[in-house]
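Chain residues, written in single-letter form:
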Amino acid sequence: DIQMTQSPSSLSASVGDRVTITCRASQSISTYLNWYQQKPGKAPNLLIYTASSLQSGVPSRFSGSGSGTDFTLTISSLQPEDFATYHCQQTYSTPYTFGQGTKLEIK
Amino acid sequence: EVQLVESGGALVQPGGSLRLSCAASGFTFSSNWMHWVRQAPGKGLVWVSRMSSDGSSTNYADSVKGRFTISRDNVKNTLYLQMNSLRDEDTAVYYCARGYKYAFDIWGQGTMVTVSS
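Top line first, the protein sequences correspond to chains Y and Z.
Each residue of the first sequence is one higher than the last, beginning at 1 in our numbering.
Each residue of the second sequence is one higher than the last, beginning at 1 in our numbering.
In case anyone wonders, no lab produced these hints; they're calculated from the structure.
Just to be clear, a hint being listed does not mean it is correct.
As the list claims (entries may be wrong) - Which chain Y residues face chain Z? A few, computed with CB under 10 Å, are given here:
1) Gln-3
2) Ala-13
3) Ser-14
4) Asp-17
5) Thr-69
6) Phe-83
Unchecked claim - Simulated crosslink set (SDA-like; lysine to any residue; CA at most 25 Å straight-line):
7) Lys-42/Y with Asp-105/Z
8) Lys-107/Y with Ile-2/Y
9) Lys-39/Y with Val-46/Z
10) Lys-42/Y with Ser-56/Z
11) Lys-39/Y with Met-112/Z
12) Lys-42/Y with Gly-42/Z
13) Lys-43/Z with Ser-60/Y
14) Lys-103/Y with Val-15/Y
15) Lys-42/Y with Tyr-80/Z
16) Lys-103/Y with Gln-109/Z
17) Lys-101/Z with Ala-23/Z
18) Lys-42/Y with Thr-69/Y
19) Lys-101/Z with Asp-17/Y
20) Lys-39/Y with Tyr-102/Z
21) Lys-101/Z with Val-58/Y
22) Lys-103/Y with Thr-31/Y
23) Lys-101/Z with Glu-1/Z
24) Lys-43/Z with Arg-19/Z
25) Lys-103/Y with Leu-11/Y
26) Lys-65/Z with Val-58/Y
27) Lys-42/Y with Glu-89/Z
28) Lys-103/Y with Ile-2/Y
These numbers were taken from a predicted model, which means no experiment stands behind them.
No residue lacks a Cβ here, since even glycine has one placed at the ideal position from N, Cα and C.
Extracted from the complex, chain Z is given alone in its bound form (with noise of 0.2 Å):
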């Protein structure tokens, strides 16, 4: 079965540090883009950040970029984001999900971010 599996979430302090995976299994990892998109409660759907099939190209939301960071290990079948310098607006849903076609055909179930003091 084709799946992603995000693990990672939690409630952290502003300011703080997470670091989110995304477990890949039933296809062939290393030949896709991959993403990050989250959704914040009761909003809308938000892209954050995406990386080439061999890791060698990222790009990401203004929003996040220079405190995010996205990586994966081919070997491990693993995608990442590493938060940090995390803010309030950062509270929500993170998901992960295959490129495919132009679009994004395969989604994760969601890990929580709740960022608070």
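The following block holds chain Y by itself, in its conformation from the complex (with noise of 0.2 Å):
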């Protein structure tokens, strides 16, 4: 199975930040990674697709880059509503792992 990890597990920043998230995996996963934002009680939500496509509807603060074991999510202006817990996730080959999760907190 492929691993992903992901660091920081958690962050601390403030409104108007730049953040950014890095997820590696243990293969190579050419650009099959995706991330997802996760709110408490909510269920995950697709921000960015084969690792740098931005999925209809997300802010253009989002973006993703990346290739092969190495990736990046940035939010480049943390807003209000940014303050979720983050998810990367590899669809290279089953079984489809995800990352530990990255909270991002409130500073």
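Take each chain as given, in its own frame, and dock them per the hints.
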């Protein structure tokens, strides 16, 4: 199975900050990497698919990059509604594995 | 409106069975791979299973292989997960999700399965 490791596991930041979350795969996954946002008690919401494609309706302050084993999610200017948990996921091969999540909290 | 609505979650004893349903609406259900993903309380997301658009192909996580069965009815626009021989560690919120462009773009609200004596 492909292991996905996110860092950091938690992060404190302020409104307006630029934030970067990283995700590393245990083997090359090309660009089959997705990012989801999840708020407490809610289902995940797709933000970025295939490493860098912005899902329809997602604000342009979210961006993704990377290929192979190393990927990043960047939020250019944090808004109050962005405080949530972020998950990366590989869909290169089954079982489709997720990272452990990064909890983004208000500083 | 494109949506998925899960149902069937319940409290069940270890060794018991449960069938989850996921009703789809607002899109052509028969065109998409569908997935089940679970999340234990306070934990991360875990992919459980997937089924191809026509139902001919399935895959499972090792942790549920041989115990869970995914199926679909493209006339009723419904995805199912039959769960047998349930264990404490199967306790989780179960989500169904639509596959699209190598990602999961639509998720249901989730249904809670609790395995406990």
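*Going through the earlier hints one by one, which of them does the structure break, listed in rising order?*
Hints 1, 2, 3, 4, 5, 6, 8, 10, 13, 18, 19, 26 contradicted; others consistent.
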